[in-house]
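In case you want the letters, here they are:
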Amino acid sequence: MARAPATTRRRRTGSRSARRGLAAPASKAKRLKRIGIVDTSFSRYDMASAAIDELRKQGEGFAVERYTVPGIKDLAAGARILFDRGCDLVMALGMVGRQPVDKDCALAADFGLQAVQARVGKHILGVMVHEEEAKDEAELAGLFDRRTREHAVNAYDLLFRPAAIRARAGTGQREGFADAGPLQGTRP
Amino acid sequence: MARAPATTRRRRTGSRSARRGLAAPASKAKRLKRIGIVDTSFSRYDMASAAIDELRKQGEGFAVERYTVPGIKDLAAGARILFDRGCDLVMALGMVGRQPVDKDCALAADFGLQAVQARVGKHILGVMVHEEEAKDEAELAGLFDRRTREHAVNAYDLLFRPAAIRARAGTGQREGFADAGPLQGTRP
Amino acid sequence: MARAPATTRRRRTGSRSARRGLAAPASKAKRLKRIGIVDTSFSRYDMASAAIDELRKQGEGFAVERYTVPGIKDLAAGARILFDRGCDLVMALGMVGRQPVDKDCALAADFGLQAVQARVGKHILGVMVHEEEAKDEAELAGLFDRRTREHAVNAYDLLFRPAAIRARAGTGQREGFADAGPLQGTRP
Amino acid sequence: MARAPATTRRRRTGSRSARRGLAAPASKAKRLKRIGIVDTSFSRYDMASAAIDELRKQGEGFAVERYTVPGIKDLAAGARILFDRGCDLVMALGMVGRQPVDKDCALAADFGLQAVQARVGKHILGVMVHEEEAKDEAELAGLFDRRTREHAVNAYDLLFRPAAIRARAGTGQREGFADAGPLQGTRP
Amino acid sequence: MARAPATTRRRRTGSRSARRGLAAPASKAKRLKRIGIVDTSFSRYDMASAAIDELRKQGEGFAVERYTVPGIKDLAAGARILFDRGCDLVMALGMVGRQPVDKDCALAADFGLQAVQARVGKHILGVMVHEEEAKDEAELAGLFDRRTREHAVNAYDLLFRPAAIRARAGTGQREGFADAGPLQGTRP
Numbered sequence: 017m018a019r020a021p022a023t024t025r026r027r028r029t030g031s032r033s034a035r036r037g038l039a040a041p042a043s044k045a046k047r048l049k050r051i052g053i054v055d056t057s058f059s060r061y062d063m064a065s066a067a068i069d070e071l072r073k074q075g076e077g078f079a080v081e082r083y084t085v086p087g088i089k090d091l092a093a094g095a096r097i098l099f100d101r102g103c104d105l106v107m108a109l110g111m112v113g114r115q116p117v118d119k120d121c122a123l124a125a126d127f128g129l130q131a132v133q134a135r136v137g138k139h140i141l142g143v144m145v146h147e148e149e150a151k152d153e154a155e156l157a158g159l160f161d162r163r164t165r166e167h168a169v170n171a172y173d174l175l176f177r178p179a180a181i182r183a184r185a186g187t188g189q190r191e192g193f194a195d196a197g198p199l200q201g202t203r204p
Numbered sequence: 017m018a019r020a021p022a023t024t025r026r027r028r029t030g031s032r033s034a035r036r037g038l039a040a041p042a043s044k045a046k047r048l049k050r051i052g053i054v055d056t057s058f059s060r061y062d063m064a065s066a067a068i069d070e071l072r073k074q075g076e077g078f079a080v081e082r083y084t085v086p087g088i089k090d091l092a093a094g095a096r097i098l099f100d101r102g103c104d105l106v107m108a109l110g111m112v113g114r115q116p117v118d119k120d121c122a123l124a125a126d127f128g129l130q131a132v133q134a135r136v137g138k139h140i141l142g143v144m145v146h147e148e149e150a151k152d153e154a155e156l157a158g159l160f161d162r163r164t165r166e167h168a169v170n171a172y173d174l175l176f177r178p179a180a181i182r183a184r185a186g187t188g189q190r191e192g193f194a195d196a197g198p199l200q201g202t203r204p
Numbered sequence: 017m018a019r020a021p022a023t024t025r026r027r028r029t030g031s032r033s034a035r036r037g038l039a040a041p042a043s044k045a046k047r048l049k050r051i052g053i054v055d056t057s058f059s060r061y062d063m064a065s066a067a068i069d070e071l072r073k074q075g076e077g078f079a080v081e082r083y084t085v086p087g088i089k090d091l092a093a094g095a096r097i098l099f100d101r102g103c104d105l106v107m108a109l110g111m112v113g114r115q116p117v118d119k120d121c122a123l124a125a126d127f128g129l130q131a132v133q134a135r136v137g138k139h140i141l142g143v144m145v146h147e148e149e150a151k152d153e154a155e156l157a158g159l160f161d162r163r164t165r166e167h168a169v170n171a172y173d174l175l176f177r178p179a180a181i182r183a184r185a186g187t188g189q190r191e192g193f194a195d196a197g198p199l200q201g202t203r204p
Numbered sequence: 017m018a019r020a021p022a023t024t025r026r027r028r029t030g031s032r033s034a035r036r037g038l039a040a041p042a043s044k045a046k047r048l049k050r051i052g053i054v055d056t057s058f059s060r061y062d063m064a065s066a067a068i069d070e071l072r073k074q075g076e077g078f079a080v081e082r083y084t085v086p087g088i089k090d091l092a093a094g095a096r097i098l099f100d101r102g103c104d105l106v107m108a109l110g111m112v113g114r115q116p117v118d119k120d121c122a123l124a125a126d127f128g129l130q131a132v133q134a135r136v137g138k139h140i141l142g143v144m145v146h147e148e149e150a151k152d153e154a155e156l157a158g159l160f161d162r163r164t165r166e167h168a169v170n171a172y173d174l175l176f177r178p179a180a181i182r183a184r185a186g187t188g189q190r191e192g193f194a195d196a197g198p199l200q201g202t203r204p
Numbered sequence: 017m018a019r020a021p022a023t024t025r026r027r028r029t030g031s032r033s034a035r036r037g038l039a040a041p042a043s044k045a046k047r048l049k050r051i052g053i054v055d056t057s058f059s060r061y062d063m064a065s066a067a068i069d070e071l072r073k074q075g076e077g078f079a080v081e082r083y084t085v086p087g088i089k090d091l092a093a094g095a096r097i098l099f100d101r102g103c104d105l106v107m108a109l110g111m112v113g114r115q116p117v118d119k120d121c122a123l124a125a126d127f128g129l130q131a132v133q134a135r136v137g138k139h140i141l142g143v144m145v146h147e148e149e150a151k152d153e154a155e156l157a158g159l160f161d162r163r164t165r166e167h168a169v170n171a172y173d174l175l176f177r178p179a180a181i182r183a184r185a186g187t188g189q190r191e192g193f194a195d196a197g198p199l200q201g202t203r204p
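Chains as they are written, first to last, in my numbering: chain F, 17 to 204; chain A, 17 to 204; chain V, 17 to 204; chain Z, 17 to 204; chain G, 17 to 204.
Please note that the accuracy of each hint is not assured.
For identical chains, the list gives no copy identity; a pair is met inside one copy or between any two copies.
In silico lysine-lysine, DSS-like type, Cα no more than 27 Å apart, as pairs [unchecked claim]:
| # | residue 1 | residue 2 |
| --- | --- | --- |
| 1 | Lys138 | Lys73 |
| 2 | Lys119 | Lys151 |
| 3 | Lys73 | Lys119 |
| 4 | Lys151 | Lys49 |
| 5 | Lys49 | Lys119 |
| 6 | Lys73 | Lys49 |
| 7 | Lys138 | Lys151 |
These are calculated hints, taken from the structure and not from any lab test. Treat the numbers as computed from the prediction; the structure is a model and nothing was measured.
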């Protein structure tokens, strides 16, 4: 879910105050939500720290449960374990290599993530960065950071600000790159 | 499920009165049905609005539950959540990008949708538009609109007018394009 | 499960009396079996009518429950719904288009059919015709008809004549085309 | 799981007395085990007879439950039905054709077999022969026979002689062809 | 999950004393954990022995349950059986051949492993070596050994030293080869 769009738009992540208007006040929450973060030792970027940092910028009302597994094919079991520990939503963070075998691994990993979601009935937001998506390590690091943060906003919105993500429906969001935007002529 | 057919036929969507003959009167319904709509922020067209608008043109007897998720791989969990909220059928609306990785995403998404349906025993009508199906943005927008609306008719028929969709069995319907029609010589 | 075989053999479908020897008498059946038929509006041939007609030629002891869905990816949910209505076996009838995307659709559809069967523990006989299997519409219509009818015989045999299908084990049956037959020298 | 290895080794199948040393005496078995055999009418070789014949050569303590289905995509439901009838292990015997569509069928079939095993927690030993694995019909028949028999030994060992199959761990067994053997220098 | 990285780093496996600092003392464990090892007779290397040897080097507090199956498509059922016997985690050890059909087998095997994990909620660490990953048998044997051992460390860490694997999060670990390491400039 990431490719170069035609036009650059405003980034979704950012300061917490800028988003306060849409946020449900934490004081109204019945209980603290639990957000699970499962990441891998295979990844070449510390995605979990980026996700947790961004989540905390978005607001309050949640605790983070973090868990590290070896590779992307272990994410589904990790997510299931986090749900069993009481998480309401899990972010599954991983990196996909360049080789054909890695693409089959990614399909197997996705299969597992879908199977767990179908069973548990809660979201696992998969954040996958493919090693060949950027031209050098610095750009790749930037992509890891941005995509992870933008999905952290999605995670927060799914739990606390459904109106905010609904407002983005059909608008061509692209996590990690500039947004594609809505098709020309479809928005007034 | 959409490609250019040999001949153009009458479109299925349209005014509500034209279809009244086949509709089950809402007054006979035991309870209001619930139709879930899950769409994405990735899509470049507001498919949910088109679906809801068309559903309302078809008749009464239902309430809509709407939910937005980031991308197509999140549709299955979204649909499962809508079933857990009492929906009788879910329309899952999404856009598939041009790259090979997007096709794998679509397969993973479909896998999840099948897994949820197998578990819940209710329909998720997947409406997917591939970015490369049209030659420009205006045509693509038209395709998004038409395919979504024609599947909204399918959704309504599955719940309220099974005889109407049965009457279309084996007739080569193509949502979003002109219908292919039945094979030559197979219908009197 | 259909390609041109080396030699042409006697067709399996046909008059009911010719098969009576192997049929379990309907009078011995504990209760009427229910055979579900789920077909699609996407298909360009009325497969359900062919299936029902052939089933009735095979014998008695069953009732048919028919259900139409939009496309092949909706067959699994349709089959699950038919099992929930009490069916003992379901025939899932569909057509697969020419494009690469259609092949992915078929894989997703098959996945769903397998998932439902694994869960329910009853057969869904998938009857799929690929649009490119025949050179023109007339031949394609013939293929639709024959393959559907031969699988209707399979369905009837699985429920009522297990000895009949066992007698065909390892004999290279090809639904819709002439049979491939057993390997040379392996049958006396 | 079968291709031409570098070196030819002793075949695993054979006379019952030769294996008696490793077999658990049938008299110690708490109850008769049930081995299910599901095969297809699509296959061009009578795999079930070969499997049953070889199982009986291996020893006692089991009964065979046999069941025939149309094609490989029906094997998973067939296996599930055999488990529901009390089988402890199922051999699923099928043939895969030459065409790309057959490879997708095989993947769908395997998917179903995995789904049933995940659910039931018992082994389904899939024995698949691809039509293009041999250069002519006689050789293909030989491959069908040998692979099926060698997997029958595996089935018997999983139920009655776990020490025997453990002794083959990591030794490059190839059912149907000569074994590949362990990597050079890894066994004393 | 293994390809040649740019730089060589220190290997993870090694003497037990070197890791003692991070290990949870066995005396605090409520009960002995059970680690399942399922391997295959298809593999050309004795992966199970390497895994067990390395696990024992890592520390105490666990018992090993070992089980051998024919090939990688049998690993999922084997793992499920080991979970049913009380295992807390399973290592699934297998070899993937060179042919296209082997890659489909690997996908089917992975599918099964994911399905079991989704159902059971415990980890199956899949350790797969592809026959073409090394240039000769000696190098391949070395790869089998190293990858298996490094995943044995992962297994031990998941059960006993979660802080140790968390410390490797995002650091580009590559089991069987030198690690890729974190992206340049992302770690101080």
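Check: 27 Å Cα cut-off: does Lys151 pair with Lys49 within a copy, between copies, both or neither?
Finding: So Lys151 and Lys49 fail the 27 Å test inside a copy (38 Å) and across (45 Å) alike.
Notebook entry, point to check: Are the CA atoms of Lys49 and Lys119 at most 27 Å apart within a copy, between copies, both, or neither?
Noted result: Intra 33 Å, inter 34 Å, cutoff 27 Å: neither.
Item checked: Within, between, both or neither, where Lys119 and Lys151 count as close if Cα-Cα is 27 Å or less -> both (19 Å within a copy, 23 Å between copies)
Check: Between the shortest in-copy and the shortest cross-copy C-alpha distance, which are at most 27 Å for Lys138 and Lys73: within, between, both, or neither?
Finding: For Lys138 and Lys73, only the intra-copy Cα distance (23 Å) is at most 27 Å; the inter-copy one is 32 Å.
Next item on the list: Could you figure out if Lys138 and Lys151 sit no more than 27 Å apart (CA to CA) within one copy, between two copies, both or neither?
Entry: neither (35 Å within a copy, 37 Å between copies)
Notebook entry, point to check: Are the CA atoms of Lys73 and Lys119 at most 27 Å apart within a copy, between copies, both, or neither?
Noted result: neither (33 Å within a copy, 34 Å between copies)
Note to self: If the cut is 27 Å between Cα atoms, do Lys73 and Lys49 qualify within a copy, between copies, both or neither?
What the structure shows: Within. Shortest intra-copy distance 16 Å satisfies the 27 Å Cα cut-off; inter-copy 39 Å does not.
Hint compliance for this structure: hints 3, 4, 5, 7 are not met, and every other hint is.
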